[in-house]
Amino acid sequence: MPNAAPIPLVFETGKRGRATVYFGDGHALDEFLPKSALRESLPLPENSELDVVRHFTRLAQRTFSIDTGFYPLGSCTMKYNPRINEAMAAQPGFRDLHPFAPTDLAQGAIATMYELERALSAVFGMAQFSLNPAAGAHGELAALLIAKAYFRKKGEGAQRSTVIVPDTAHGTNPASAAMVGYKVVSLKSDARGRVDVAELKTALGSDTAVCMMTNPNTLGLFEDHILEITEAVHAAGGLMYYDGANANALMGNSRPGDMGFDLMHLNLHKTFSIPHGGGGAGAGPIGVAERFVDFLPTPVAVRDRDGKFSLDFERPESIGPMRSFWSNFAHVVRALTYIYANGGEGLTKISQLAVLNANYIRVAVKEFLETPYDEPCRHEFVASAQALKRETGVRALDIAKALLDRGYHAPTIYFPLVVPECIMIEPTETESKETLDGFINALREIMATAKSDPQKIKDAPVNTVVGRIDETRAARQPDLRWQPSL
Amino acid sequence: MYSPHTEGDIKAMLAAVGAPSLEELIRVPDAVALKVPLDVPPALPEADLARKIAEYAARNTAATEYTSFLGAGAYRHYCPPVVMALAMRGEFLTAYTPYQAEVSQGYLQAIYEWQTYMCLLTGLDLANASVYDGATALAEGAIMAVNATGRSALLVSSAIHPNYRDVLRTYARGLDLDVDELPVAPDGTTDLSTLEARLADKRYAAVALQSPNFFGCVDTPHAREQEMFASTGTIPIAVVAEALSLAALVPPAAWGAQIAVGEAQSFGNPLNFGGPYVGFIACTKEHIRRIPGRLVGRSVDNRGNPAYVLTLQAREQHIRREKATSNICTNQAHCALVATIYLAALGETGLRRAAGLNLRQVNRLAERVCAVPGFSRAFAAPVFNELVVRVPSSTTTERVLAALRERKILGGLELAGWYPNLSDCLLMTATETTTDGQIDAFAAALGEIVRETKAAARA
Amino acid sequence: MAQPEGLLFSKEHEWLKIDGDVGTVGITDYAQNSLGDIVYVELPRVGHEIKQFGSIGVVESVKAVSDLFTPISGEVIEVNSGLEADPALVNRDAFGAGWLYKVRIKGLNEKSALLSPSDYDALIAEAAH
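Protein chains in written order, with this note's numbering: chain A, 22 to 507; chain B, 72 to 530; chain C, 38 to 166.
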């Protein structure tokens, strides 16, 4: 589709009076409100329903997705999104349920929340989860607020002022810490790509509030000294936080609770097959060890002694609510459906196959790409295009764009920051050996072309509806909205 | 299990990676290895699973068997089926954040259209790609004001949705910000009589006002207050919990708001027992570097064609880390897409008609309910689609709601928990989905309940 | 690459030109070149008191952001307002039209902690290895 014509904006098409009419004749607004309260004009475009259908269908056709192709975006767990989840969430009993519905007329919904809470606690070894936070970063924020409340209660609020974050951590970790007023101490990884335990021990002190980690880390490596780490942090009086972004590698194999983590979040839109929707909505439940249960954000779904389900708001030590209403409930339904579809054994197998798929690609690409950490990985791994860049000038970015030309989504690039020209690949368990082979062959061919005709790769993509975009212009002269012509 | 691996595939792949078994490949140090099976029920075949989950849905009779007059930040509106038919296309549903712009032009354009819609509706210069919901939008908007002014206190109307204020306090505890409140005037709007005195020492980064406010009342400041904001360098923040009201009411920019935050669930997104919904933030251009979250911009590609791309990313957490404007990463793109398609389908006419019907139905509700002896409006200020009703002194809100439930009606929300002085009041909502017949039956039921109460008192 | 004479330099790649008790501050050509296309410069407020080597703002390129440090203590008396509309000035003329801010210097003796043009040249030559 190269050079496909731009699709006009919905504001540029349409004519007044063309909109399909969905409501009965309205009433003059000034029948009910004083003129001073009313807006003067409402300059919105009017398109027929067919125009709207064609417009958004064409936009959809210009959007890469899991449904259209392989999406090995590291750290994002782009697995297949089963359609049973959608059907379950769309049932009127869930879809049309008002958040202020009386509890006894919403028992099915609260039971769904409760059962998901229990399942997550079991899979990750935590005492209790709150489904309140709306996304992973939101869960991190909630957990750090818990840490702050906990230390305040202990009388160490002023003293515990720093959060330790390894240099391989997701950017949300330090950003969340800053939103709670914590100072961030960055920790260098060791030669094996793990947290340097000796350096951690020097960083620890009476000012340490929390150490935030993910395991496996963003290099796809299991932090094998994890018990030593959690013990050291606890000995210093600090708390351990588990970033659940990489939980797809762990299920049935190891549990953050057993590793000594006190607080954690999960991204239901990664591990639990909720559609990413173009960047959300996600869901970021947080789980805690027993001594932090009272601090969880409200509400928490509970089962009373008489077997009735309710939302518990009466938690005086709670950090409070994190968002308007109780949870991203439609995602709760999807996640529970997914867990029940797979069962405990299935979840275990999911993690095993996610690791198998990642290693299968890793071993194959070793032939032609550097893999700086040459050992079995977990659900993802990192490669580096540094040697290629030195040799040919072709960068990780160019490889990413060349993959787009070949029908694949690009891996995550330039993250984690510790690996130069980083290419981070996470295939997930729902991809077949044939798909992985196709991807490996595409990468191999790109590498060969990069050596024989580097310009060809630097010019990629050429088969997409647009070529490389002038990002400098986008940032220097921000055009963030359509403007009506005067 | 949704993995395509055959036994043969697994064997071949294990051989390729040189691992004897899946268990060996994924082995972790013994001390942290889970040695028991996961305590999760065994897998259910899909046909059985569908039945099981359907049973959970069926137990939520509030959604399916009751006439509801609930609103309070979550609204039932009619959404033309074309909206979901388009939004649920796999390309939209299963894409992620459009990092690779060349293969994400469709979604990027849709977000650019969303940003434009929110600008047109609020009257402000720019809008972001969405945040989690209305409450977090308020918190993020408040942080923008704090960063813009260097001040660390916020003044908010107590007629802002109580859940929004609670969330603001949650965030404020993290950043050690003070949150003070303005009281409610007798007509149901925010009491601004003390504003001048309170702003005098220039302590407040922002003043936040919600319109329509939690009581349904149109609640915007006048020219006098606008001057006070300007002369004290206080940033006015408009809070909009019912986005449909933007189709009718004076837009935030027109009354001087520099930042508008709110909830756009009403634009095509279902109730979903509280989420996911979709928060928005719009602002004047001087706040462009402080707005949190994704922004889509229009630029050109190397072939000279217009092209869309995520921009101003250096504000964001993945680059700026602890110095970012916010920690937000995932937003509510798909809910914003639903809203965009809804707005595109309705157009000006549809949106105005919907707003007009909300006004008509809430006024009919007010008229019919307050014709029942003992029921009266608590506040005189004009409303958009909900209002506060005082129940007769002979009974209580609890008894009224219980009696209504026997008649399969959810009669509104009790306010006592948030506003002790409104303990005899209910917040009732009517939208275009509320029929005349439902309103008349509601009023008739209230009449019956009053008569029963009187009879019981005599007996 | 020879640095302009008459300027002092910090290890964080800022330059300082002293004119009586007023100092003009910018980032070096080397710094703008390694940052790439600069899209935004966040400057301190006029009246702001700054401490030598303190962090007082940021420079953003499309996908990176760097802290701005101040080479000398004092009070900010002027910022380059042209940068708001045209941040590329820093790329085009780092030592001239792309200056960042002016400061009323408090403690001229601090300049001994700064580098001469030749010392700075040596610093960046070393960084190239």
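Honestly, the hints are just simulated from the structure, not real lab data.
Predicted, not measured: the structure shown is a model, and the values here were computed from it.
Every residue gets a Cβ at the ideal spot worked out from N, C-alpha and C, and that includes glycine.
Honestly, I wouldn't trust all of these hints.
[Claimed, not checked] From the derived model, a few chain C residues whose C-beta atoms are all more than 12 angstroms from chain B:
(1) S98
(2) E147
(3) D156
[Claimed, not checked] Each computed PhoX-like pair below joins lysine-lysine, with the alpha-carbon atoms no more than 25 angstroms apart:
(4) K148/C <-> K394/B
(5) K139/C <-> K54/C
(6) K100/C <-> K54/C
(7) K356/B <-> K148/C
(8) K410/A <-> K100/C
(9) K143/C <-> K209/A
(10) K100/C <-> K148/C
(11) K204/A <-> K100/C
(12) K174/A <-> K209/A
(13) K394/B <-> K48/C
(14) K204/A <-> K394/B
(15) K88/C <-> K204/A
(16) K525/B <-> K329/A
(17) K123/B <-> K82/B
(18) K100/C <-> K479/A
(19) K394/B <-> K329/A
(20) K472/A <-> K387/A
(21) K88/C <-> K394/B
(22) K54/C <-> K143/C
(23) K525/B <-> K454/A
(24) K100/C <-> K143/C
Hints, one by one, checked against the model:
1. S98: Check fails; 7 angstroms does not lie beyond 12 angstroms.
2. E147: The assertion about E147/C holds, with a minimum of 26 angstroms to chain B.
3. D156: holds (30 angstroms)
4. K148/C <-> K394/B: violated (29 angstroms)
5. K139/C <-> K54/C: Holds. K139/C to K54/C sits at ~9 angstroms (cutoff 25 angstroms).
6. K100/C <-> K54/C: violated (30 angstroms)
7. K356/B <-> K148/C: violated (39 angstroms)
8. K410/A <-> K100/C: With a Cα-Cα distance of about 19 angstroms, the restraint between K410/A and K100/C holds, given a limit of 25 angstroms.
9. K143/C <-> K209/A: Violated. K143/C to K209/A sits at ~37 angstroms, over the 25 angstroms cutoff.
10. K100/C <-> K148/C: violated (33 angstroms)
11. K204/A <-> K100/C: holds (24 angstroms)
12. K174/A <-> K209/A: The hint is violated at about 32 angstroms.
13. K394/B <-> K48/C: holds (22 angstroms)
14. K204/A <-> K394/B: Holds, at about 11 angstroms.
15. K88/C <-> K204/A: holds (20 angstroms)
16. K525/B <-> K329/A: Violated, at roughly 34 angstroms.
17. K123/B <-> K82/B: Violated, at about 35 angstroms.
18. K100/C <-> K479/A: Measuring from Cα to Cα gives roughly 19 angstroms; hence the hint holds.
19. K394/B <-> K329/A: violated (45 angstroms)
20. K472/A <-> K387/A: holds (16 angstroms)
21. K88/C <-> K394/B: Since the Cα atoms of K88/C and K394/B sit roughly 20 angstroms apart, the hinted pair holds (cutoff 25 angstroms).
22. K54/C <-> K143/C: holds (14 angstroms)
23. K525/B <-> K454/A: violated (75 angstroms)
24. K100/C <-> K143/C: violated (35 angstroms)
Hints 1, 4, 6, 7, 9, 10, 12, 16, 17, 19, 23, 24, counting from the list given before, are not met by this structure.
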